[in-house]
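Each protein sequence line maps, in turn, to chains A and B. So the first sequence is numbered by the working numbering: it starts at 7 and just counts up by one. So the second sequence is numbered by the working numbering: it starts at 5 and just counts up by one.
Note that these hints are calculated values from the structure, not bench results. Since the model is a prediction, treat every value here as computed from it, not as a measurement. Check each hint, because a few of them may be wrong.
As the list claims (entries may be wrong) - List time: in silico DSSO-like cross-link candidates among lysine-lysine, alpha-carbon distance up to 27 Å:
| no. | chain 1 | residue 1 | chain 2 | residue 2 |
| --- | --- | --- | --- | --- |
| 1 | B | Lys176 | B | Lys238 |
| 2 | B | Lys478 | B | Lys465 |
| 3 | B | Lys176 | A | Lys365 |
| 4 | A | Lys365 | A | Lys386 |
| 5 | A | Lys386 | B | Lys238 |
| 6 | B | Lys367 | B | Lys478 |
Unchecked claim - Distance ranges between label pairs, derived from CB positions:
| no. | chain 1 | residue 1 | chain 2 | residue 2 | range |
| --- | --- | --- | --- | --- | --- |
| 7 | A | Ser345 | B | Tyr94 | 36 to 44 Å |
| 8 | A | Pro241 | B | Ser48 | 55 to 63 Å |
| 9 | B | Asp277 | A | Pro241 | 23 to 31 Å |
| 10 | B | Gln291 | A | Asp342 | 54 to 62 Å |
From the three backbone atoms N, C-alpha and C, an ideal C-beta is built for every residue, glycine too.
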Amino acid sequence: MELTRKTAAELSALLAGGEVSAEEVTAAHLDRIAGCDDRVHAFLHVAADGAVAAAREVDRRRAAGDELGPLAGVPVALKDVFTTIGAPTTCGSRILDGWQPPYDATITRRLRQAGAIILGKTNMDEFAMGSSTENSAFGPTRNPWNLSRVPGGSSGGSSAAVAAYQAPLAVGTDTGGSIRQPASVCGIVGTKPTYGGSSRYGLVAFASSLDTPGPLARTVLDAALLHEAICGYDPMDSTSIDAPVPPVVAAARQADVSGMRIGVVTELSGEGYQPGVMARFAEAVELLESLGAKVTEVSCPNFRYALPAYYLIAPSECSSNLARFDAMRYGLRVGDDGSAGAEEVMSLTREAGFGDEVKRRIILGAYALSSGYYDAYYGKAQQVRTLIIRDFEAAFGQADVLVSPVTPTTAFGIGERADDPMAMYLADLCTIPSDLAGNAAISVPCGLASEDGLPAGLQVMAPVMADDRLYRVAAAAEAALTERWGHPLIAEAKGLGTSEPWFSGERGGSA
Amino acid sequence: MTVTYEEALQRYEPVFGLETHVELGTTTKLFCGCPAVFGAEPNSRVCPVCLGLPGSLPAANRRAIEYTIKIGLALHCGIASWCRFARKNYFYPDMPKNFQISQYDEPLCTDGYLDVLVGGRTVRVGIERVHLEEDTGKSLHVGGATGRIHGAEYSLVDYNRAGIPLVEIVTKPVPGTGFGAPGVAKAYVTELRDLLRSLGVSDVRMEEGSLRCDVNTSLSVRGSGVWGTRTETKNVNSLRSVERAVRSEIERQAAVLDGGGRVIQETRHFHEDTGVTTSGRSKEEAQDYRYFPEPDLVPVAPPAEWVEEIRASLPELPSARRARLQAQWSLSGLEFEALHNAGAVGVVEETVLAGASPADARKWWLGELARRANDAGVDVSSLPITPQAVARVAALVASGTLNDRLAREVIDGVLDGEGTPDEVVAARGLAVVSDEGALTAAVDEAIAANPGVAARIRDGKTSAAGVLIGAVMKATRGKADAARVKALILERLT
């Protein structure tokens, strides 16, 4: 039995039935990481000892007859943006190199309480700023489908870990598409829950009004299981929504779109979109229609202003959020030789500790918030945000969910867009509107683009706190597509070589 | 060139304004559960939130918002039905996040006033705004001459204070107080302190920094109607300093203007020891704080019913109480102010409640007791004598048991811890001689011993009776009731 090939739901059943122990499951995944992470580099820190100890504790509790939740003993990888007692948190930045947080993020705490086994901390674009994980100060992560391609970003370590069978589940964060875009280009499932549906406490902030933690998994049901475990009201986060978590697991099991109104967003297509991506998207929509959904076109005219508005709001908030990294209390300290004053040490540390993209956004944001420019930039961007929310409201009047491609292209090559920030920013074109409006959205694999044989994703968007609709649609699409392909799409991933046993015999068939 | 205060006021009209920061007396800090206490071991009252650790988030303290609304209502302000916190961005080592969560263009309370009693009249000081923000940590710069960060060898930071709720109360500019400007400024802070104390929202101890003032001052050339450039004087941390800082800035700015210079818009620092201000950073090269709405906090939207609940819970405010007591006691403005300035309003009120007449209560507290307090260097209200004891002494005098001299001895006894007035009277044997026979004998003796005086009284010069009263008092060792003695003398000689 190859435990790393199992879904979280399957592992959960095996664990509950006593067929495997949490320690065995954990060991299998740690072995898998040890066996391939030199090539993938999904992890910045593997918490082997902590994981084994946590697994033994779950086994002990199960033996003692304790009531355990569905994720007890199931491994999970955590983006290195969440604080963790007992493991460093770097956010992919030199400036936090070696920082050991004294407290657990709410998400970390909930995972531990659920008995999930935290395998380690995954790589990411520095402070979640990027779409390729190339902005990590600790080197890029590679796409398990093709090691010369990026895994997307900023949650690229999390998406690659799941796609490479290093973990069945991972937690990421989405600010402009940082869960959905890497999920799409790694051929897995990723959800951005409703803003406020998942706690930000202990998530090192990039842009406070946008940052949303969410699940990544190889199946829709697995994503739903993790979604339910990590979401829910948290009094430590005052933007948290005090309402029950939408019934996403039930929705994923329901997997039924008959009678649902699905709106295709006109504005999220056209020039700049890879034909192979558009072809897979169109097929997925047809498939949903064949399953009984009513498909219409909806227009969201203000979406075209989403990207520029995002690149004012997110950098503005980041310029303030990242001010605390000043060498005074934690992290890197440069120039503290007794000759420099405090201000100079702050300056030298920030110069040495932040990468180019982070500096670019801090400068952009500081400028946008400056007196005399505030109204024209930050103020205007907030007005655009309101217009986008209204577009969504109007669209959701006509459709229960909206659909679009997740990202205009498949995974691009490592280094290809590294020197072209604008090209990089376009990767988030389709995902940004939901971040600005705070509604829920999911990315689910819809096939391989003919040009390069790499995965494309279907994005489903639902109104605020209607996250369950995402799972109904995504699970229905997943079931129908898997049936059509004869196997899950991820079985096509060849980046780690076809000689590996768990790939043999599962190849063949094309998406 | 120096200009005296009197000279300055001949040519210029001062305008001042005050920004007062008050630490609220909530149990916990503004955005976390750490205890809000003064004087704890450095960095022992901190957590990820008030240290601004990566990932931590603020959650607003409802009680702090309630206290702020309470202050706003007591200052007759309007309360916003919806407002937001804002981030004030600047780098400083004692600011954990390098931004302060404050309020900017949407304060919780706006547009009110505070009536201030000064020189026997009431001056109405306009209140621009009252807002809520978090305090910073506290820096100690070691080495270097100035105690400021520049030139220091090293600095120590205590984050216990970081995140303590701070209310900023900003006045409108106060023109038209002329010569009395420094006094009005001081009276405003005094009044505000008393108000905050009566609301129970802060312990308002200036010496511990729980109430801190910045004073804005400008001069306009008399008759011009044009206000000059203002300076902001920081570090004004006692009532006396408020007065001195305004006065010193008036003198300094007048000297600058008289010398043909111009006043620079800047921050100045007040020095308690010298009583003068020195230049801080120039506001003309001021930093841009890049304020924007705090995205980590939801807007504050106090429901109208809650505001009304808070309004209904307000205690009688000092100005209303003053007006009531002044009328009840039939005092002039100046008379009342004397009581107020002596800090004796409360004890007089309690003495009256204990049965003394307002006149007696006032007489004892402003006379004999004020003198004792002054000698001991304490507030009159902290003397070891209760208002009830003072009322009892007054009653003993009114009933003729004590005369004024004996009453003072009783007070001595009470202050020395010998017990209640009645116990002191008994222990020291201080009651007046009420035995009519003994008194008559003493009077007759005095008349016999002073035939000349007696003759003058017989001729109608009753004022000469004082000599005979004195003699009787001497004979009874002061225990006679002077009024009774006088009556007996006149009975015999007229």
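Hint-by-hint comparison with the structure:
1. B/Lys176 with B/Lys238: holds (17 Å)
2. B/Lys478 with B/Lys465: holds (22 Å)
3. B/Lys176 with A/Lys365: Violated, because 41 Å separates the two Cα atoms, which is more than 27 Å.
4. A/Lys365 with A/Lys386: Between lysine 365 of chain A and lysine 386 of chain A the Cα gap is close to 23 Å, so the pair holds against 27 Å.
5. A/Lys386 with B/Lys238: With Cα atoms ~36 Å apart, lysine 386 of chain A and lysine 238 of chain B exceed 27 Å; violated.
6. B/Lys367 with B/Lys478: holds (26 Å)
7. A/Ser345 with B/Tyr94: 36 to 44 Å: violated (24 Å)
8. A/Pro241 with B/Ser48: 55 to 63 Å: Given about 25 Å between the Cβ atoms, the range is violated.
9. B/Asp277 with A/Pro241: 23 to 31 Å: Roughly 48 Å apart at Cβ, these two residues miss the hinted range, so it is violated.
10. B/Gln291 with A/Asp342: 54 to 62 Å: Given a distance of about 24 Å, which is not inside 54 to 62 Å, the answer is violated.
The structure fails hints 3, 5, 7, 8, 9, 10 (numbered hints given earlier, in ascending order).
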